[in-house]
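**Student:** First to last, the protein sequences are chains A and B.
Under our numbering, think of the first position of the first sequence as 1, with each following residue one higher.
Under our numbering, think of the first position of the second sequence as 1, with each following residue one higher.
To be clear, the hints were calculated from the coordinates, so they are not data collected in a lab.
Predicted model, so just to flag it, every value in this text is computed and none were measured.
We treat Cβ as the ideally placed atom computed from N, Cα and C, and that holds for glycine.
Take the hints with a grain of salt, since some may be wrong.
Calculated pairs, DSSO-like style, for lysine-lysine (alpha carbon to alpha carbon, straight line, at most 30 Å) [what the hints assert, rightly or not]:
id: 1; chain 1: A; residue 1: Lys512; chain 2: B; residue 2: Lys311
id: 2; chain 1: B; residue 1: Lys270; chain 2: A; residue 2: Lys512
id: 3; chain 1: B; residue 1: Lys312; chain 2: A; residue 2: Lys178
With beta-carbon atoms standing in for the labels, derived distance ranges [unchecked claim]:
id: 4; chain 1: B; residue 1: Trp343; chain 2: A; residue 2: Ile139; range: 37 to 45 Å
id: 5; chain 1: A; residue 1: Pro317; chain 2: B; residue 2: Val191; range: 40 to 48 Å
id: 6; chain 1: A; residue 1: Glu497; chain 2: B; residue 2: Val363; range: 50 to 58 Å
id: 7; chain 1: A; residue 1: Ser335; chain 2: B; residue 2: Asn359; range: 54 to 62 Å
id: 8; chain 1: B; residue 1: Ile190; chain 2: A; residue 2: Ile139; range: 19 to 27 Å
id: 9; chain 1: A; residue 1: Asp176; chain 2: B; residue 2: Asp124; range: 30 to 38 Å
id: 10; chain 1: B; residue 1: His50; chain 2: A; residue 2: Arg540; range: 49 to 57 Å
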Amino acid sequence: METVKINDIACNDLPWKIQYHPERCTLCGSCIAACTFDAIGPKMERRRLTFTDSATPEPKTRFVAQPVIGQQNAIKNFCRGCGVCERVCPNNAISSSRNPDSRFNVVYATSTGTGPKRGGRNNLEVQSRTLDTLRVGRISQMTDPSLDAQRHTFDCLAPLGRILPAGTLPLNQTADGKLVQDGQTPPVRWIYPIIIGDMSIGALSWRMWEAVSMAVAYLNEECGLPVRMCSGEGGMPVRLLKSRYLKYMILQIASGHFGWNRIIQAMPHMIEDPAGVLIKIGQGAKPGDGGLLMAAKVAEHIQAIRGVPKADLLSPPNHQGLYSIEESVQKMFLSFNAAFKFRVPVAIKVAASATSVSVFNNLVRDPYNIVGGFFLDGIDGGTGAAHDISLDHTGHPAVSKLRDCYLAAVAQGRQGQIPLWAAGGLGKTGNLAADAFKMMCLGANGVFTGKLILQMAGCLGNDHGRCNACNTGLCPVGITTQQPVLVKRLDPERVAENIVNYFLAMDVELRKLMAPIGNSSLPIGRSDCLVSSDKAVADRLQVQYVC
Amino acid sequence: MCRIGAIKSRHYVHPSQALLLMQSQQKGHDNSGFAMVMQDLGGIFENYKHLPTLSLACTDEGLQITKAIMDARGFRLVHEWEPETNRQPGLDIQAMPHYVYQTFDYPDAYADASQEEKEQLLLDTRLELRRGMEEDCKGFAYSFWPDVITLKEIGDPRDIGTFFNIWEPDDQFTAKVITAQCRQNTNYAIVRYAAHPFFLQGYTALANGENTFYQKNKEFQQNLHRGYIGFESDSQCFLYTLHHTHRELGWPLSYYKHVITPLPFEDVVKREDQQQLLAMRQSLAHLEINGPNTIIGVLPDNTMFTCCDAKKLRPVVLGRDEDTVVLSSEVCGVNEILPNRNWETDMYPNEREIVVIDNNLEVQRWKQ
Ligand code: SF4
Ligand code: SF4
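So here's chain B without its partners, still in its complex pose (with noise of 0.2 Å):
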C-alpha cells in the first residue's frame, strides 16, 4: 500500500517537512520510492511565478533533446536550479545524471496569446518532451507549468532525501502547497511516471488506493483529451477525471464526488437535483471508480482537497493550526508535522463527503 500526505500553509515550507511527514509512516509503505509535487512557490522560484517551470530528471543525451524543443518552439530560458545531489556511495537510490529546474519566457509568438493559448502550448510541449525522451529512458519531464515543479525517484525516501539534500531545511526552495507519496508502483513495472502525485494542467492528484475501474477508466479517457496519456498507474485516472470534469466540462469540484462515487440509485431519486446527477452518472458511467481509495488533489488555483471510495475503504486524516492544513493517510504523519495542534480538530472524512482547504485555510466538508 502507498501512503500520501499533504501540507498547505499561509508560510513557504521547506520539502523536508515532506519527508517527515512521509517518513513517519514508513511501516505503511515499502520505501521503494518518493515523489513530490510543490505549487506556490517560494525562494529561487518565488521571483518567477508567472513563468513556467519545467521539471526533468534526464540523461546528457536528453538535455540536448529537451534544448533542441525548447529552443524550437522558441521558448526562452529565464531561470535554471539544478539541485546540488549528494552521489555518495550506498545510497538506495536509482538515480538519473540530471535533475533540471528551467525556468522559461514564453515564445515572442505568444507575446499577445490568451491565457488558454498559453496552457495548451505548455501542455503540448511537455507532451513533445515526453516522446522525445522517452525511447531508451533519456530523460522524463514530470511538469510544465507556472509555480510548479515536480521531483520523483525510486529508492528509499531516506536516501533520496540524503541524495537530494532536502532533509535540511533552507528557505531557498520552499513551496506552500506541497503533495507527496512514499512507494514507488510495486504492483506493475517501476517506472518513475508511475509515481504520484501526477500532474496536469495545473491539476495534481494522487491516491491511496487501486481502482478496479482502471480498465473503463482508461478506455474512456484515452478519447477524451490528449494528455490523458501514460495510464502506468490506476490513480491516474483520478486526475485525468478530475481534469475533466473541472476544467474541461466546467462543473464545479463538488461534482467530481459524484462523478467517481455516484450515489446509489435509492438514495438520488431522494433528492432534488435527481435529474442533473443521473445525467452525470449516465454520461459518464465510464468514469465512476470502484475499490479502496483515497484521493488528494490540487486545483490550479491552489485549492486543496480529499475525498474517499463509496465504502470508505481506505483511511486520510487531517490535522491543523493556525497556518497549516496537513493531510495524511495515517495520524502520526500529522503529528510529526504538527505536534502541538488541538487534536480534537483533527478530522477523519467520510465516504460521501469532500473536504475542501482554500487559500485561507477554511476547511470545509461538502455533503455529495
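Chain A with its partners taken away, still in its complex shape (with noise of 0.2 Å):
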C-alpha cells in the first residue's frame, strides 16, 4: 500500500500524460533518448504473472520486476506534449495525450516561487480570428474584366523607407520638358510584400538561422522574389556583415543593442548597405516584457556575436534613456540614419496598443521625414521566451489597430508616407498569402512573419500548447536552441527548401486573389473589395457586412 502524498507532484498535475504500452515496448531506448525535456525514463515496476509450466492448464503466480517507461513526475521535468517520443518509437509504443485536467498553473507557482514561461504563443484565446470573418467579396465580373493569374504580369513590391508628398519632392523641370531630381530624397526600397520577421540568432539556433538566410539568398538571386530577413536583436555573423548577402538584411536593434559592437566594428567593411534598420520598441505577443535570453542559451558562438558573457540575456521593455517619442525620433532615428548616411531606411517596430494611433500621428508628423516604416506587431504572433502572464493576459489584436493606422493617415491625407507593415498571428490557420492580402485591403503596405516560418521549419508547437518550450534551449527539433546535439536535428538544406517552396506558393495564391479583384498592383487600401460575415467586424473595420 502507498501512502497518499497529495502535495507531491503527480503526473495528472502535468499538462500531458504519456500512454505507454508495454506490451509493445521493446525498451530500445530511443524514446527517452528523444526527449530533451527528460520528461520520461526507465522505470522498475513490479508485475504479477500468471503462467502454466506443464502440459494441461495448471496456473500459478510468480511476481517479477519488469523495466518500462515512465514518465517524470517533476515540474522541472513535465512533458510537453512535443510527441517526439512517439516519432521515434518503432513500435508505436508511446505517445502523449492532453490532460484536460491539469493542474499545471497552480502548481507550477506553489512548487517553484515563480510564473510559468513558455516560447510565444496565445494560447489562451484560440477563438475565431478576424481574418477569417472577412472575405475577398468584391470580384470583377461583368463591369471590369477580373485578370488571369497565369498570363498577366502583377506588380506585388512593397515600399520601406520614408515616401515625401509629391509636392515636396525636388524635381526640376528641364528645357526638354523632363522631371530631374536635383536634391535628397529619404531612402525607399520596393521589397517583396512579407518580410521574414526578426528572430535572432540566439533565439533561433544557427542552423535554422543560417537556413533563413539561405532560402532569402536563394528567393532573391534565383527566384526574383525580393524578400528581406529581419535579423533579430542579435547581431549577426561578421561574414554576413561583409558579404554582399548583408543587402537583403534587415538589422534589428532593441533595448538591449545586442550585437551591435560587432555590427559597428563591420561598417568600414561593409560592401553593400543593409536592406534597412528596425528600431524595436515593443513586440506584439509580449507588450510591454522585454527580450529574455536564458543562460542556457547563450552559448560561446551567442556570447562572442553579442559580446557578452554566458548570463540571462534580458533587453529591457524600455529603450534606456528614451523618454518621449519626439526624442526617439530625435535621437534614434537621426542617429541610425547617420550611421549609414541616410542611404538605409531606418524603421520601427512597436507593439499594437491602444495608443498606437498616437505614436502612429507622431511619427507621421514628424518634421525630419526619417521614420520609414511603422512595423506593427500584434498579439497572437511572436517566438521568442516570455512569462505565461504577459503571453496570456497583455496584448492587443493587429487587425483593427492597422486599419486604425491607415485610416488616421487617410485623414491627414498622408497615407503611404510611412508605410505600415503588421504582423500578430498571420498565417495561423497556414494560409498567410490570404491573411496578408486582407491585411493589405485594410491598409497595410505588406506583412511580416515569425512564427509561421517556424512551422516551415517543422516547428511542433502549436496554438493549443503543445511544445512551446523555446524557452528553454531545449527545442526538440533543433530550432530553438544552441546544444550541438539538438541542433543536429535540423537539416538546414531542408528547411530553406520548405521556405522557398512556401514563397514560391504563396506568390502564386497572392496573384490568385489579386486576378479575381482585377488589380494587377497590390490592393493597398482597397477595403471596398473586403466583406465581412460579423457585423461588428464590418463596422469595426469599415467594410462591407454581409450574410
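Make the complex out of the two chains shown on their own, each in a separate frame, by following the hints.
**Tutor:** Written out as C-alpha cells, the structure reads:
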C-alpha cells in the first residue's frame, strides 16, 4: 500500500500525460534518448505474472521486476506534448495526450515561487480569428474584367522607407520637358510585401538562422522574389555583415543593443548597405515585456556575436534614455540614419496597443521625414520566451489597430508616407497569402511573419499548448536551441527548401487573389473589396457586412 | 459600358457632330444620357472668350440662388443664352426647367488680380453655386470658366438632341473642341454630376471604364484639393489626378501616364530616369488606377490627349483629316464624322503611350 501524498507532484497535475503500452515496447530506449525534456525515463515496475509450465493448465503466479518507460513526476521535467517520443518509437508504444484536468498553472507557482514561462504563443484566446470573418467579396465580373493569374503580369512589391508628399519632391523641369531630381530624398526600398520577421541568432539555433538566410538568398537570387529578412536583436555573423548578402538583411536594434558592437566594427568593411534598420520598441506577443534569452541558450558563439558573458540576457522593456516620441525621432532615428549616411531606411516596430495611433500620428507628422516604416506587431504572434502571464493577459490584436492607423493617415491625407507593416498571428491557419492580402486591403503595405517560418522548418509547437518550449534551450527539433546535439536534428538545406517552396506557393496564391479583383498591383487600402460576415467586425473595420 | 468621343478641329464644329459621333456607337451604350463639354467657343460666344461662362441647369429657385450668389460676389452679367428647348411630349429626357449659359465680367475687386487669383475665384464661385443648389436638386453648376460650356442630361441622346435643337447644324453654337459621352451612370445612382466629361479649372476628362482603385484614389484626392469633390463617378478620379499632377504639381503631361499606370518595377529599373519615376510612384501610389479604362482629356490650352489602362482593356481609335481629329471608343464613330479620311492614318493607341493632339492638330505618340 502506498501512502497518499497529496502535495507531491503527480502526473495528472501536468498538462500532458504519457500513454505507454508495455506489451509493444521492446525497451530500445529511443524515446528516452529523443526526449529533450527528460520527461520520461526508465522505471522498474513490479508485475504479477500468471503462467503454466505443464502440458495441462495449472496456473501459477509469480512476481517479477520489469523495466518500463515512465513519465517523470517533476515540475522541471514536465512533458511538453511535443510528440517526439511517438515519432521515434518503432513500435507505436508511446505517445502523449493532453490532460484536460491539468493543475499545472497552480502547482507550478506553488512549487517554484515563479510563474510559468514559455515560447511565445498565445494560448488563452484560441477563438475564431477576425481575418477569417473577412472574404474577398468584390469580384470583377461584367463591369470590369478580372485578370488571369497565370497570364497577366503583376507588380507585387511594397515600399520600405519614408515617402515624401509629391509636392515636396526635389524635381526640376529641364528645357525638354523632363523632370530631374536635384536633391536628396529619403531612401526607399521596394521589396517583397512579406518580410521574414525578426528572430535573432540566439533565439534561433545557428542552423535555423542559417537556413532562413539561405532561403532568403535563394528567393532573391534564383526566384526573383526580393524577400527581406530581419536579423532580430542579436547581431549577425561578421562574415555575413561583410558579404554582398547583407543587402537582403534588415538589421534590428532593440533595447539591449545586442550585437551592435560587432555591427559597428564591421561598418567600414561593408560592401553593401543593409536593406534597412528596424528599431524594436515593443513586441506584440508580450508588449511591455523585454526580451529574454535564458543563460541556457547563451552558447559560446552567441556570446561572441553579442559580445556578452554567459548569463540571462535581458533586453529591458524600454530603451534606456528614451522618454518621448520626439526624442526617439531625434535621437534614435537620426543617429541610425546618419550611421548609414541616410542611404538606409530606418523603421520602427511597436507592439499594437490602445495608443498605437498616437504613436503613428507623432511619427507621420515628424518634420524630419526620417521614419521609414511603422511595423505594428499584434498579439498572437511571437516566437520568443516570456512569462505566461504576459503572453496570456497582455496585448492587442493587430487587425483593427492597423486599420485605425491607416484611417488616421487617410484623414490627414498622409497615407503611404510611412509604410505600414503588420504582423501578429498572420498565417496562423497556414495560409499567409490570404491573411497578407486582407491586411493590405485594410491598409498595410506589407506584413511580416516569424512563427510561421518556424512551422515551415518543422516546429512541433502549436497554439494549443503543444511544446512551446522555445525558452528552454531544449527545442526538440533543433530550431530554438544552441545545444549541438539538438541543433544537428535540423537539416538547414531542407528547411531552406521548405521556406522557398512556401514563398513560391504564396506568391502564386497572392496573384490568385489579385486576379479576381482585377488588380495588377497590390490592393493597398482597397477595403471595398473585402466583406465581413460579422457585423461587429464589418462596422469596426469599415467594410461591407454581408450575410 | 459607356462610349466616349472627342472632336478637335481647325474650324468651329456644331455639337450635332458630337451627337452623330456618339449615335453611331449606340449599340455600345444604353441610351441613358448624353453629356458634352465644348471648349474654344465660336458663334454667339466667340466675342466673350476671355470671360467666364457659367453652365447651369436649374429650377426657378436655382436661378434666384445663382443670381444672389453672383451678385454678392460682384460678378456682372454680360451675356446670357438659354437654348430654345423643344418640350414636345414623348421625348425620353428628364429635363430641368432652365438651361442657362451666362457670361460674366469679373468683380471690380479683381480688376488687377492675377490670372491665378481669378482662377481660384472661378472655382470657389462654382463650388458655392453647387452647394447652394444641391438641396432638393435646385440646380447643377457644371462649369464656370472662360471659353467653356457644358451640357448634360439624362435620357435618350437622340431625344436630348431633339430637345435642345442640336440635330440641326448652325453657326451660332459651335466650338473647336468638343468632348462627349453617352450613357448615364447606370452602375450607381443616376446623378447629373456623374456624367462625363468632368471639368475643373480648364481641365476636362472623360473615360470609358471602371476604376477599381476608386476608393484609394478618392480617399487620397479628397484631402488634396477643395475642388476634388463629388466622386459620383469613379472616373472623376482621372480628372482630379490630371489636375493635381499637371496644374498643382506642375509636372508635364507625359508624367500623367506614369502616375496613373506606372511602369512595372522590372521595367523601371532599366531606365535612366528610374529615380524620378520611382519617387513619383511612391509619392502618388494612391493615384494609381487599375481596371479597364480609356481616358480622353483636354488641358486648359485645349491640347487634347488619350491614354489607356496598363493592359489596354478598353478600346479607343483616333482618325483624322487635314482639319479635324476625332477620338472615339469605336471606329464607326470616326467613320460617321470623317467618312473620307485616309483610314491608314487611323491610330489605335497602345497601353504604354499617350496620344497628344496639339493646337496645330499635330498628333504625337508619347511612349511612356
Ligand atoms: S511528448 Fe515530447 S516531452 Fe513528452 S515525453 Fe514525448 S518526447 Fe518527451
Ligand atoms: S520551436 Fe522548438 S521548442 Fe519551440 S515550439 Fe517549436 S519545436 Fe517546440
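**Student:** Among the hints numbered above, which are violated by the structure, and what are their numbers in rising order?
**Tutor:** Those not satisfied come down to hint 5.
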